[in-house]
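There are 2 protein chains.
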Amino acid sequence: MSTEQVSVSLPYVGGKVTPQHPLGPLTAAEIKESTRLIKGLWPSNTDLQFKVITLQEPSKAELAPFLAAEHAGTSTPTVERKSFVVYYIRNTDKLHEAIVSLSLGKVERNVRLGPNIHSNADGDEIVNVERVALEDEQVKAEIAKLQLPEGTVVISDPWIYGSDGVNEGLFTDDKRVFQCFLYVRDPSNSSELDSNHYAMPLSISPVVSAETMKVTRIDYLPTGADNTVKEPTPYKVQPANEYIPEAQTLRTDLKPLNVVQPEGASFQISNFSEQGHAVSWQKWDFKVGFNQREGMVLYDVHYAGRPLFYRLSLSDMAIPYADPRHPYHKKQAFDLGDAGAGIMANNLQLGCDCLGSIYYLSAVLSDDKGEPLEMPNCVCIHEQDAGIGWKHTNYRTGRAAVVRNRELVLQSIITVSNYEYILAFQFNQAGEVMYEVRATGILSTQPIDEGLSVPWGTVVHPGVLAAHHQHIFSLRVDPMIDGPLNRVVFDEAHPMPRSDFNPHGVGYTVNETPVTTSGGYDLNYDANRIFKIQNASVKNPVNGKPVAYKIMAPPFQKILADKDSYHAKRAEFADHNIYVTSYKDGELYAGGKYTNQSRGGTGVRSFADRKDNVLDDDIVVWVQFGINHVPRIEDFPVMPCEILKVSLKPVNFFDKNPALDVPPSTQTFNKSDLLSVAHHQGGGEAAIGQEGQVCCVKENSKL
Amino acid sequence: MSTEQVSVSLPYVGGKVTPQHPLGPLTAAEIKESTRLIKGLWPSNTDLQFKVITLQEPSKAELAPFLAAEHAGTSTPTVERKSFVVYYIRNTDKLHEAIVSLSLGKVERNVRLGPNIHSNADGDEIVNVERVALEDEQVKAEIAKLQLPEGTVVISDPWIYGSDGVNEGLFTDDKRVFQCFLYVRDPSNSSELDSNHYAMPLSISPVVSAETMKVTRIDYLPTGADNTVKEPTPYKVQPANEYIPEAQTLRTDLKPLNVVQPEGASFQISNFSEQGHAVSWQKWDFKVGFNQREGMVLYDVHYAGRPLFYRLSLSDMAIPYADPRHPYHKKQAFDLGDAGAGIMANNLQLGCDCLGSIYYLSAVLSDDKGEPLEMPNCVCIHEQDAGIGWKHTNYRTGRAAVVRNRELVLQSIITVSNYEYILAFQFNQAGEVMYEVRATGILSTQPIDEGLSVPWGTVVHPGVLAAHHQHIFSLRVDPMIDGPLNRVVFDEAHPMPRSDFNPHGVGYTVNETPVTTSGGYDLNYDANRIFKIQNASVKNPVNGKPVAYKIMAPPFQKILADKDSYHAKRAEFADHNIYVTSYKDGELYAGGKYTNQSRGGTGVRSFADRKDNVLDDDIVVWVQFGINHVPRIEDFPVMPCEILKVSLKPVNFFDKNPALDVPPSTQTFNKSDLLSVAHHQGGGEAAIGQEGQVCCVKENSKL
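Residue numbers (the UniProt record's numbering), protein chains in the order written: chain A, 1 to 703; chain B, 1 to 703.
Careful, some of the hints might be misleading.
Heads up, the list lumps identical chains together, so a pair's fine if it works in one copy or across two of them.
Derived pair list, reagent style BS3-like, types lysine-lysine, alpha-carbon separation capped at 27 Å [as the list claims (entries may be wrong)]:
| hint | residue 1 | residue 2 |
| --- | --- | --- |
| 1 | Lys645 | Lys656 |
| 2 | Lys255 | Lys671 |
| 3 | Lys283 | Lys539 |
| 4 | Lys545 | Lys236 |
| 5 | Lys255 | Lys656 |
| 6 | Lys569 | Lys214 |
Just so you know, the hints here were simulated from the structure itself, not pulled from any lab data. Note that the coordinates shown come from a computational prediction; the quantities given were computed from them, not determined experimentally.
Start from the sequences and build out the full structure, keeping to the hints where you can.
Structure, rendered in structure tokens:
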């Protein structure tokens with residue numbers, strides 16, 4: 001990508017883009033305007049705590065004609081520009097949801113939610129909760145009982161409170177609260193701000209009201225094999241377990257590996273609005289948005305001009321923990337709804353989070369004051385080589401035809417307190433879209449009596465337990481495979497019965513079953529069940545099969561919490577591999593719009609329960625995947641990435657391998673380096689000069 | 001890797017290596033000597049057809065003390081050097097298996113096998129069978145009925161005959177035969193030797209005797225929806241469907257991506273014998289062998305001096321097809337036993353099959369005359385960047401710690417007629433070993449009446465059917481996790497019942513079950529069943545758990561052919577995810593030693609049926625994986641790689657993340673390129689000069 005071909009994302013210089021494109025993320029000015037209009041509803045001395053100010057996406061009824069006109073190059077209809085705002089009257093439980101018409105300069109809707117709906121945490125609030133927990137006199141008194149070494153620094157990790165235990169009197173969660181887990185930094189190295197406090201958990205856990213910002217209760221954590229809790233006793237300082245490089249004896253035998261793209265990257269990026277980016281790469285075209293909750297959102301994905309997906313995003317994730325004891329039984333994070341994949345995104349660092357020629361996208365979100373918050377470099381875009389794309393060697397001539405598989409990657413990395421998720425959309429030259437999650441970061445730990453083992457967690461350090469937990473993700477796929485009306489079908493492979501036609505018992509057939517009614521559906525590996533999103537009205541010109549994209553999702557264990565538990569009620573997506581629902585505007589989140597201390601009934605299971613027709617209709621497909629993370633000691637103090645990948649691959653969508661026209665892999669193009677003597681190749685010749693140096697390699701047509 | 005650090009593999013210059021290392025592949029001289037000794041058994045005018053001349057690996061009873069002494073640096077015991085030879089008296093069915101003592105210069109054992117044991121195909125034989133099929137007068141007469149355009153070139157693809165149909169009179173497979181499938185090259189471009197004939201299948205299929213090298217029968221292929229066959233009628237020439245680049249309009253928007261390793265690679269390679277290579281990389285040490293059947297074999301795999309695996313290799317694969325009609329019902333390839341992953345290995349081309357600094361290994365195998373056959377560049381070794389290895393950002397300080405995941409790859413690519421497998425062992429810095437298979441190449445096609453659809457295959461081109469088929473692989477893992485006596489256990493996660501301890505129904509536990517008796521075992525995703533290879537006598541120093549490696553294998557559908565079919569009887573490994581057997585010398589092949597036209601009873605199912613103790617014993621673990629390949633039209637004329645990966649990962653083997661000491665990912669090291677304006681990073685600064693150029697990036701300790 002030469003610099004001439006691209007517009008830069010910031011600063012916006014205007015003129016060439018349409019700020020009001022219906023899918024463009026809110027601009028800083030629009031955020032300010034939304035805040036001004038909301039504040040105008042209230043007496044001027046009202047202190048509002050803004051939680052979300054984001055684009056209210058237009059209804060599909062409005063959007064579809066707009067996009068159609070845009071693709072046709074005809075004049076686009078006017079679409080009213082709106083923002084969606086969630087806010088509290090600060091230090092109250094008065095939660096409001098508003099829709100602001102930016103086009104009309106007025107608040108269109110403003111309602112108070114409740115009583116049991118709670119908004120997400122925000123960064124400012126989390127820092128305040130940490131402080132409140134540690135400055136509380138009673139908490140200090142409890143900490144004193146630990147007799148920590150002088151100078152020891154205590155750290156507070158506020159957790160979303162969860163919901164199990166509703167209506168248990170003392171432990172009610174009608175009110176929005178945070179459960180703080182306490183740790184110490186290594187007392188022998190207290191000035192190290194990046195000391196890994198998760199290696200030193202304490203057994204005291206203050207609960208802080210998000211409303212009053214006061215400690216409302218102090219829990220003692222069970223540290224044995226049962227649910228007994230006891231008063232804090234003097235703390236035994238164990239050895240530290242640091243992840244920072246200066247605490248390690250680093251290996252010295254790793255030599256540099258650089259990705260060099262002498263002509264730049266192969267993609268083009270432009271602004272389709274002030275904050276929205278359009279990406280073109282290898283026949284792919286799509287728009288990229290970024291919001292507080294989902295982070296990256298892809299819109300209007302086309303391949304070679306053919307429509308594939310209206311919208312792709314990570315919709316939700318749930319992380320239920322295995323320890324049933326109070327207060328751990330409440331640990332079930334919904335990192336998107338409780339915090340936000342956008343707002344938690346890392347500022348990515350050149351050359352450390354990806355290699356090669358990298359383009360960064362920045363975004364503007366909002367803070368608790370309703371002010372614009374710059375999110376620099378929250379998405380990186382680069383290409384990667386993913387090995388051989390296809391190869392065939394004609395053994396009769398010795399000629400090999402081989403192409404490499406180049407991928408385009410849009411990556412965002414989120415830090416949710418202890419944990420990291422590396423989230424990436426990947427595109428390749430064979431018409432495939434992948435969504436990759438790498439789980440890394442630090443385990444959420446708790447104290448355990450030394451020498452003890454329990455079956456709901458792994459001891460990862462002396463006195464430190466990492467409880468088992470599940471990570472269950474929901475990828476939302478709003479398809480438009482060759483048009484707006486799609487269906488989901490599944491293929492299964494079954495043996496043919498023995499018969500005159502199959503006398504040897506070896507035959508098998510693959511048959512397709514359509515999904516007609518919205519609901520949750522499951523993979524079945526024994527039947528090789530494969531779900532496909534199909535357009536039944538468009539047939540492959542060669543074999544007459546309906547065009548489709550199949551969904552390749554890895555196996556995962558469904559949620560283990562029982563179905564009457566709040567964990568299961570809240571994680572509405574965690575019980576099926578696939579949900580298929582009819583499209584309804586605003587149904588974006590598999591776990592419901594407000595996940596914090598939620599009680600279920602507002603997510604994808606509820607959408608599916610309408611039992612709508614989903615055959616040849618405007619449908620949404622929700623793809624669940626995840627891991628049951630049974631910690632290994634190797635996952636501490638920071639875990640090697642665990643990689644999960646969902647692929648969407650064409651099935652009878654093209655008329656041949658779409659990567660057939662990728663130029664062959666050649667040494668002239670790849671410029672690899674030979675490390676030893678080389679030998680004659682099939683019909684080509686690698687002439688070798690001095691030790692390990694390739695002085696020339698002939699390209700040849702018959703190799 | 002600097003050139004000073006490595007020995008080159010060929011030519012062998014002697015002096016520094018021990019040619020008689022017990023694991024060193026046979027040398028050219030040893031192959032010649034084996035041939036000489038075998039020929040000495042027979043009258044001088046006897047024409048022998050050599051099938052295999054390979055290392056007879058020493059018994060583990062001999063090998064283990066040798067390796068122990070080698071690792072201890074003490075003097076190694078003498079181990080008798082032997083070769084294993086399989087040969088026919090040419091043009092007979094007289095198959096022999098011999099063991100030659102190279103140390104003693106004599107044939108130790110020479111037995112005739114049979115009557116229903118048949119050896120693999122060899123390259124010379126395949127070329128002869130092709131010729132015989134096409135030169136047969138009756139075949140020519142059948143082809144004449146097709147009235148092909150003048151100048152049309154007919155191609156013959158000989159197939160291993162399979163076994164279903166045993167004792168069916170005419171179709172008996174007591175004798176070794178080849179089934180030839182015929183195709184034509186594009187008649188409009190007959191001089192193109194690399195025209196894709198699989199787009200133009202014929203309905204005539206000659207059967208050639210491997211003994212007499214004569215056509216014994218000509219089959220007509222069914223081309224309809226039933227098993228009717230009919231005499232050839234004039235052939236309708238359809239458009240070509242070529243994969244070669246000159247037949248495409250190549251895309252022009254892909255810019256170069258080079259992997260540059262300015263200081264060379266990080267691995268060291270030396271010869272442990274004339275043909276054996278020792279590899280050291282990032283705490284890993286192992287030996288690499290290469291043989292006719294398995295291709296790459298890894299021996300004596302250690303991590304940081306700790307033993308992990310005696311031997312790792314791809315043991316077998318079976319590819320049963322779905323079409324039940326004669327003669328397709330016989331299509332079940334065992335590419336290792338029927339052909340050989342070693343002998344079919346591609347000569348890899350610099351910079352086309354991998355990127356970066358590449359080291360090639362060459363091998364010496366043998367031909368049908370018993371002469372050494374050079375296999376240049378049959379293994380490539382390189383490093384690759386596999387994205388982020390681990391990352392954590394301390395949100396309180398903004399400091400990110402991130403390392404990249406470097407992998408070492410040993411790759412071999414085999415062409416088995418129409419199809420390619422890209423086979424790779426991969427190692428990373430977190431103590432993980434992966435085995436990756438990429439399936440690519442061309443579908444095995446057959447004629448189908450135009451416009452017809454059948455449920456056992458996909459029409460991929462007008463008149464061309466690609467039948468469904470399964471690829472089922474067996475990876476043989478001979479473990480020595482921290483010592484010779486290991487066990488296999490499996491973990492399962494189950495919900496806790498509701499109780500006073502689990503009042504909210506959210507708790508779950510993970511429990512371990514040992515495998516005590518040899519047998520086949522299966523994954524169970526609903527229980528998150530994970531198999532581990534464990535050394536029960538070595539406990540993790542921190543948490544007291546036995547050290548282990550877990551097996552992460554993808555789901556696959558077990559063989560669909562019914563269990564009384566020869567497909568199922570022969571593919572002894574295809575019915576379970578995991579087999580655990582007691583170690584016995586010589587039990588290397590999951591499908592049995594002689595797979596060609598085999599009838600079962602000699603593979604891993606049979607080994608397991610001994611019902612041996614496998615608890616804390618010398619055991620072997622066989623890991624099955626695969627795909628049910630339901631062809632898409634996108635898989636033609638050459639298919640985009642389908643990737644399968646098995647991982648072996650440490651579980652409580654180390655006392656923390658073994659990749660903790662990987663140096664941090666920095667721009668100084670990675671030298672990436674910024675494509676747009678950049679913004680201030682956490683605590684670091686990227687100063688940007690002219691458009692898209694990074695003029696300096698400060699390294700900082702608090703980023």
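Here's how the hints hold up against the structure:
1. For the identical chains of this complex, Lys645 and Lys656 are neighbours both inside a copy (25 Å) and across copies (26 Å), given an alpha-carbon limit of 27 Å.
2. In the homo-oligomer, the alpha carbons of Lys255 and Lys671 lie at most 27 Å apart both inside one protomer (18 Å) and across protomers (13 Å), since each shortest distance falls under that limit.
3. In this assembly of identical chains, Lys283 and Lys539 lie within 27 Å of each other by CA distance solely inside one copy; the values are 21 Å within and 54 Å between copies.
4. Proximity of Lys545 and Lys236 under a CA criterion of 27 Å is satisfied inter-copy only: 23 Å between copies versus 68 Å inside one chain copy.
5. In the homo-oligomer, the alpha carbons of Lys255 and Lys656 lie at most 27 Å apart only across protomers (24 Å), although the nearest pairing inside one protomer, at 41 Å, exceeds that limit.
6. For the homomeric pair Lys569 and Lys214, neither the shortest alpha-carbon distance inside one copy (29 Å) nor that between copies (71 Å) is at most 27 Å.
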